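Chemist: Position chain B against the provided structure of chain A, taking the given hints into account.
There are 2 protein chains.
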Amino acid sequence: MKKVKIYITLKPGVLDPQGKAVQESLHTLGYEAVQEARVGKYMELIVDDNGDVEKQVEDMCAKLLANPVIEDYKYTVEEGVTQ
Amino acid sequence: MKKVKIYITLKPGVLDPQGKAVQESLHTLGYEAVQEARVGKYMELIVDDNGDVEKQVEDMCAKLLANPVIEDYKYTVEEGVTQ
Chain A
8 MKKVKIYITL
18 KPGVLDPQGK
28 AVQESLHTLG
38 YEAVQEARVG
48 KYMELIVDDN
58 GDVEKQVEDM
68 CAKLLANPVI
78 EDYKYTVEEG
88 VTQ
Chain B
8 MKKVKIYITL
18 KPGVLDPQGK
28 AVQESLHTLG
38 YEAVQEARVG
48 KYMELIVDDN
58 GDVEKQVEDM
68 CAKLLANPVI
78 EDYKYTVEEG
88 VTQ
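Residue numbers (this note's numbering), protein chains in the order written: chain A, 8 to 90; chain B, 8 to 90.
It is possible that some hints are incorrect.
Since the list gives no way to pick one copy over another, a pair counts as held whenever it fits inside one copy or between any two copies.
[As the list claims (entries may be wrong)] Derived lysine-lysine pairs resembling DSS-like cross-links, with alpha carbons at most 30 Å apart:
(1) Lys-9 to Lys-62
(2) Lys-27 to Lys-62
(3) Lys-18 to Lys-48
(4) Lys-27 to Lys-9
Because the hints were derived from the structure by calculation, they are not lab data. Because the structure is a prediction, the values reported are computed rather than measured.
Excised from the complex, chain A in its bound form (with noise of 0.2 Å):
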């Protein structure tokens, strides 16, 4: 098994208004500091390790996982995942 992380984030210049509603409720909360917060996601998913589960995760984020057309994403395989 491994454990595959996955980060998707908007891609720089794609407007964010879920971001945007985020740091408007943390100003009216008093978080004046806050210049900016974007919104994306992460997954976490347990791979069988059979085969090159970098290339198959990366399908997965071009295929179903991530938009590329406004999404970036990243992701880290982590070894030897016990269930």
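Modeler: Same frame as chain A, now just chain B:
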């Protein structure tokens, strides 16, 4: 300025229907090796460097960004971001 990265995940044991949907979609696409998928949130904040940024971020997570009843959060603070 400091760049803060926040990772919000559902606590272990909390049902994750969104993760389940992702897992089933991956299976439908042929990625049968995926044993589990859990979906969380990832946020990036740019914060003015006045006072104890870590303390402020801890408060923001507990009060607004995460739901401490069902979610865990982690964050990292990176020094010296220039805009």
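Chemist: Against each hint, give a clear statement of whether it holds in the structure.
Modeler: Checked hints:
1. Taking the shortest alpha-carbon separations for Lys-9 and Lys-62, only the intra-copy value of 13 Å comes in at or below 30 Å, while the best inter-copy value is 33 Å.
2. Taking the shortest Cα distances, Lys-27 and Lys-62 sit within 30 Å of each other only across copies (22 Å), while inside one copy they are farther apart (34 Å).
3. For the identical chains of this complex, Lys-18 and Lys-48 are neighbours both inside a copy (13 Å) and across copies (16 Å), given an alpha-carbon limit of 30 Å.
4. When the C-alpha separation of Lys-27 and Lys-9 is checked against a cutoff of 30 Å, the pair qualifies only between copies, where the shortest distance is 18 Å, while the shortest distance within a copy is 35 Å.
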